[in-house]
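Those sequence lines, one after another, are chains F, L and W. If you count the first sequence from 1, position 53 lands on 53 in the working numbering, and the numbers rise without skipping. If you count the second sequence from 1, position 225 lands on 225 in the working numbering, and the numbers rise without skipping. If you count the third sequence from 1, position 134 lands on 134 in the working numbering, and the numbers rise without skipping.
Just so you know, the hints here were simulated from the structure itself, not pulled from any lab data. Hints are supplied without guarantee of correctness; some may be wrong.
Said to hold, decoys possible - Stretch-level coverage of chain L by chain F, calculated; a stretch enters the list once three of its residues show a Cβ under 8 Å from a Cβ in chain F:
| # | stretch |
| --- | --- |
| 1 | 13-21 |
| 2 | 24-30 |
| 3 | 33-44 |
| 4 | 53-67 |
| 5 | 77-88 |
| 6 | 135-143 |
Beta carbons: idealized from backbone N, C-alpha and C, even for Gly.
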Amino acid sequence: MRRRILPGFGLSLGYALAYLGLIVLLPLAALAWKASGIGIGGMLHLLSSPRTLAALRLSFAGAMLAAVINAGFGLLVAWVLVRYRFPGRRLFDALVDLPFALPTAVAGIALTALYAPNGWLGRWLTSWGIQIAYAPPGVILAMVFVGFPFVVRTLQPVLASLDRDVEEAAESLGASHLQTFFRVILPVLVPTLLTGFALALARAVGEYGSVIFIAGNIPMRSEIAPLLIVEKLEEFDYAGAAALGMVMLLASFILLILISRLQRWSGRWAEQLQ
Amino acid sequence: MSRLKRQPPWSRQIGRVLLALVAISFLVLFLLLPLAVVFVEALRQGLHVYLSSIGQHEALAAIRLTLLVAAISVPLNVVFGVAAAWLMARFEFRGKALLGAFIDLPFSVSPVISGLVYVLLFGAQGWFGSWLGAHDIKIIFAVPGLVLATIFITLPFVARELIPLMQSQGSDEEEAARVLGAGGWQMFFRVTLPNIRWALLYGVLLCNARAMGEFGAVSVVSGHIRGLTTTMPLEVEMRYNEYDYVGAFAIATLLALLALLTLAIKTLLEWRYSDEIAAHAPGGH
Amino acid sequence: MPPVAIETAMTLQLSHLSRRFTGIPALDDVSLAIAPGEFLALLGSSGSGKTTLLRILAGLDYPDAGTVQLDGRDFLAAEARERKVGLVFQHYALFRHLTVAENVAFGLRVRARKSRPSNADINRRVEQLLKRVQLDGYGRRYPAQLSGGQRQRVALARALAVEPSLLLLDEPFGALDAQVRVALRRWLRELHEELRLTTVFVTHDQEEALELADRIAVMNHGHIEQVGTPEVIYQQPATPFVCEFIGKMNKLAVTCADGRMSVGDWVLEGLPGNDRHAKVVAYVRPEHLSLGLPETRPGWTARLRHVYLAGSVAHLELHIPAIGQTLEADVGGEDVARLGLQVGTELRVAPRSAVVFALGESDARLPFEERWFWQAPDAVPPVPRATSVASIGEGRARAGRCS
Numbered sequence: 001m002r003r004r005i006l007p008g009f010g011l012s013l014g015y016a017l018a019y020l021g022l023i024v025l026l027p028l029a030a031l032a033w034k035a036s037g038i039g040i041g042g043m044l045h046l047l048s049s050p051r052t053l054a055a056l057r058l059s060f061a062g063a064m065l066a067a068v069i070n071a072g073f074g075l076l077v078a079w080v081l082v083r084y085r086f087p088g089r090r091l092f093d094a095l096v097d098l099p100f101a102l103p104t105a106v107a108g109i110a111l112t113a114l115y116a117p118n119g120w121l122g123r124w125l126t127s128w129g130i131q132i133a134y135a136p137p138g139v140i141l142a143m144v145f146v147g148f149p150f151v152v153r154t155l156q157p158v159l160a161s162l163d164r165d166v167e168e169a170a171e172s173l174g175a176s177h178l179q180t181f182f183r184v185i186l187p188v189l190v191p192t193l194l195t196g197f198a199l200a201l202a203r204a205v206g207e208y209g210s211v212i213f214i215a216g217n218i219p220m221r222s223e224i225a226p227l228l229i230v231e232k233l234e235e236f237d238y239a240g241a242a243a244l245g246m247v248m249l250l251a252s253f254i255l256l257i258l259i260s261r262l263q264r265w266s267g268r269w270a271e272q273l274q
Numbered sequence: 001m002s003r004l005k006r007q008p009p010w011s012r013q014i015g016r017v018l019l020a021l022v023a024i025s026f027l028v029l030f031l032l033l034p035l036a037v038v039f040v041e042a043l044r045q046g047l048h049v050y051l052s053s054i055g056q057h058e059a060l061a062a063i064r065l066t067l068l069v070a071a072i073s074v075p076l077n078v079v080f081g082v083a084a085a086w087l088m089a090r091f092e093f094r095g096k097a098l099l100g101a102f103i104d105l106p107f108s109v110s111p112v113i114s115g116l117v118y119v120l121l122f123g124a125q126g127w128f129g130s131w132l133g134a135h136d137i138k139i140i141f142a143v144p145g146l147v148l149a150t151i152f153i154t155l156p157f158v159a160r161e162l163i164p165l166m167q168s169q170g171s172d173e174e175e176a177a178r179v180l181g182a183g184g185w186q187m188f189f190r191v192t193l194p195n196i197r198w199a200l201l202y203g204v205l206l207c208n209a210r211a212m213g214e215f216g217a218v219s220v221v222s223g224h225i226r227g228l229t230t231t232m233p234l235e236v237e238m239r240y241n242e243y244d245y246v247g248a249f250a251i252a253t254l255l256a257l258l259a260l261l262t263l264a265i266k267t268l269l270e271w272r273y274s275d276e277i278a279a280h281a282p283g284g285h
Numbered sequence: 001m002p003p004v005a006i007e008t009a010m011t012l013q014l015s016h017l018s019r020r021f022t023g024i025p026a027l028d029d030v031s032l033a034i035a036p037g038e039f040l041a042l043l044g045s046s047g048s049g050k051t052t053l054l055r056i057l058a059g060l061d062y063p064d065a066g067t068v069q070l071d072g073r074d075f076l077a078a079e080a081r082e083r084k085v086g087l088v089f090q091h092y093a094l095f096r097h098l099t100v101a102e103n104v105a106f107g108l109r110v111r112a113r114k115s116r117p118s119n120a121d122i123n124r125r126v127e128q129l130l131k132r133v134q135l136d137g138y139g140r141r142y143p144a145q146l147s148g149g150q151r152q153r154v155a156l157a158r159a160l161a162v163e164p165s166l167l168l169l170d171e172p173f174g175a176l177d178a179q180v181r182v183a184l185r186r187w188l189r190e191l192h193e194e195l196r197l198t199t200v201f202v203t204h205d206q207e208e209a210l211e212l213a214d215r216i217a218v219m220n221h222g223h224i225e226q227v228g229t230p231e232v233i234y235q236q237p238a239t240p241f242v243c244e245f246i247g248k249m250n251k252l253a254v255t256c257a258d259g260r261m262s263v264g265d266w267v268l269e270g271l272p273g274n275d276r277h278a279k280v281v282a283y284v285r286p287e288h289l290s291l292g293l294p295e296t297r298p299g300w301t302a303r304l305r306h307v308y309l310a311g312s313v314a315h316l317e318l319h320i321p322a323i324g325q326t327l328e329a330d331v332g333g334e335d336v337a338r339l340g341l342q343v344g345t346e347l348r349v350a351p352r353s354a355v356v357f358a359l360g361e362s363d364a365r366l367p368f369e370e371r372w373f374w375q376a377p378d379a380v381p382p383v384p385r386a387t388s389v390a391s392i393g394e395g396r397a398r399a400g401r402c403s
């Protein structure tokens, strides 16, 4: 092997591999092994249970919807924070990271206190016939909360580095502001927006702490897949918990791979546009 | 030219103000309000009740346990993060991309699964369960399990912060140190470490915030034994489920204060040392 | 591999060095001897392998094949930190968290305790070095507070502090403004004359290499095209590449027929026009074009298209319809008026001297088959020039095969 110039390759490689092996790979191998223990029949039985299906649907479809909402609001907030100057802008900018920093259990009880039928906002919403807490909208609300910073933080540096000359050129050619936005700015942002979307989605799919308080956890209605895993564990159904965990893991990997494909494709597209 | 700069037309001015208002109301409604509700609910029955519910034996035990878990898992992940960043930013080797993917893996695993995997390894029915039982070693439903689950969840933070910075700094200074006769550790402590210190602090800050606030993963391995295996977030949950709302929110204020402190130091670091932290890789925080 | 003969004590002998990066050769069988005390330039464009060669000498890279020997000992066996080499990086690589003085002291402070000088000695050494690089009083500043030229000198002082036996400089003036660059160049030359330290520097700037170095190694695509003093490199370029890379050259396609070589009406007297050469080219420096020839001399009729007066020198653009080419000629600034040169003037021109290559076609590694230095047979009254170039021949064509 070629001599390495900087020292510490063997030491750091050995340490990193041992650490990753013990902390990440060995436990995940245990998951795969335990999940395979129930066999194909067991897997089909698990997946054909309406309760499991409903929980998986809520986790994935809810996370999708939450990520879409985050993409929209995230773009809006990132745009305002980067382009506009107003008092308190830096404070709001710092506040964007709150969902990263605030423990999920705290976020969960706080959101519940706000949106429960007798809560600060829930009281008004209930009088208009809108139920958020203890129903699917509550699940999605919590998912939006935990995923919110991802889109803003991925978009901000890209928005800041956008060449304003291009916008001015578009406007000098007679494009309206909306046309400029949709034809000049948005196409360049799409790959980044997808990155933020994917991160928000991955976070929301597996989210547990902030969701379980506000969800009410009604089977078939507002029960998420991670909670079902916990319930199976509490019933000492280790194989079932492992199998459901494996399904979630695989499904989110497939989803992330699809998004990265989409992203690469849109990246090429954005490059061609420039 | 700047004197002649055209004022945007009124319609556009109004559009901008509206857009800013929508964004700000979203931030207030969505981020500030939940923060406010934590403190208001905690103090609902007065300062006295608040203080006494924090001073309870179980609360103090939860605080101690949370600090203990963070004190073990954060340093371990710091050492790992530095080693992994050194590897990823300074060497080319086969399987490097795969290693990078494994470092990031815990970010895309549900916290519940992060706890579950350790139950499958060390739980009573797990791979090592019977051996551990025979030797009377408890990992699951005990402190080692909480530490392991926390390490898993917070594993990428430091490495993620350091890798892009070290890549952008390049290895010139370290090579210069070698040519000037520095040994491996001399180079590390005199050149590498000083150059990454602020980014390292930044990574430690985020790692610590997550370690102290983690809920899902530790909830699975904890067993919820009051005073023994409940960290602060778990204590919040238990009190909440027991309808002790003021007590739950009281502990929650401590965690919210930790979050605010983290944000404050983080923002300070970003203002003061932005170029020494690197364009912080988005995501995963 | 045959044993390498050591010519002089402490000569650094590089033999057959090769290095590939993911299949692309950065160095291709490079051999070079570096004499003690000499100031050697590695000159080439980016990707020519010059920096790779420098990094191998510093111990920051290793060749795939070949040896480097110092005084007969294997130089490559030593690690970077054991070689006692001073290296100045292109972007200086100063330790940004250390003061100027701490930067300079670094190499002394990291020594093992028994060979480490006392703190007082280190401080004294640092002060001396900072004085030497004209930065006394700057010891407490940080690199970010210095200008580019000052940083460069700190990097030099830091490299000199370990008393290296070999000083390596990677594009030492590359990141500096043009004015600072020239001043630092002179200063570095003086420093070298004072210290007599074997110095190798990498540059892409031929002016820098020609002005500074004792010898220049011209590199191209991983191999050395020519090694020699600046005079030799400029006046006797060994290969077509060196011709085209160093200075300005007019390139002419030569016709070989009837036993003679010619370009239009200009005949290269004394050179055998051999039709076994597939392709012959002549290179003529702009200052080697004679203007205003008498009708009796073989030459071309040219039309003056442009005069670019650049202070002491005037660059003329001459169009020669007979060969369909525009040539460049340099004359002294005051000669423009003396010779009555105006745009549109017709005049007769011919080269006074040329370098001629017979290009081979078969072997890509041999860029040419034969080389001649041609000189006009009788002295045409030379146009007086601000800078005269020593003549090579003695009035008669001096043809030689190249080695």
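Problem set entry | Earlier hints that do not hold, by number | 4 and 6
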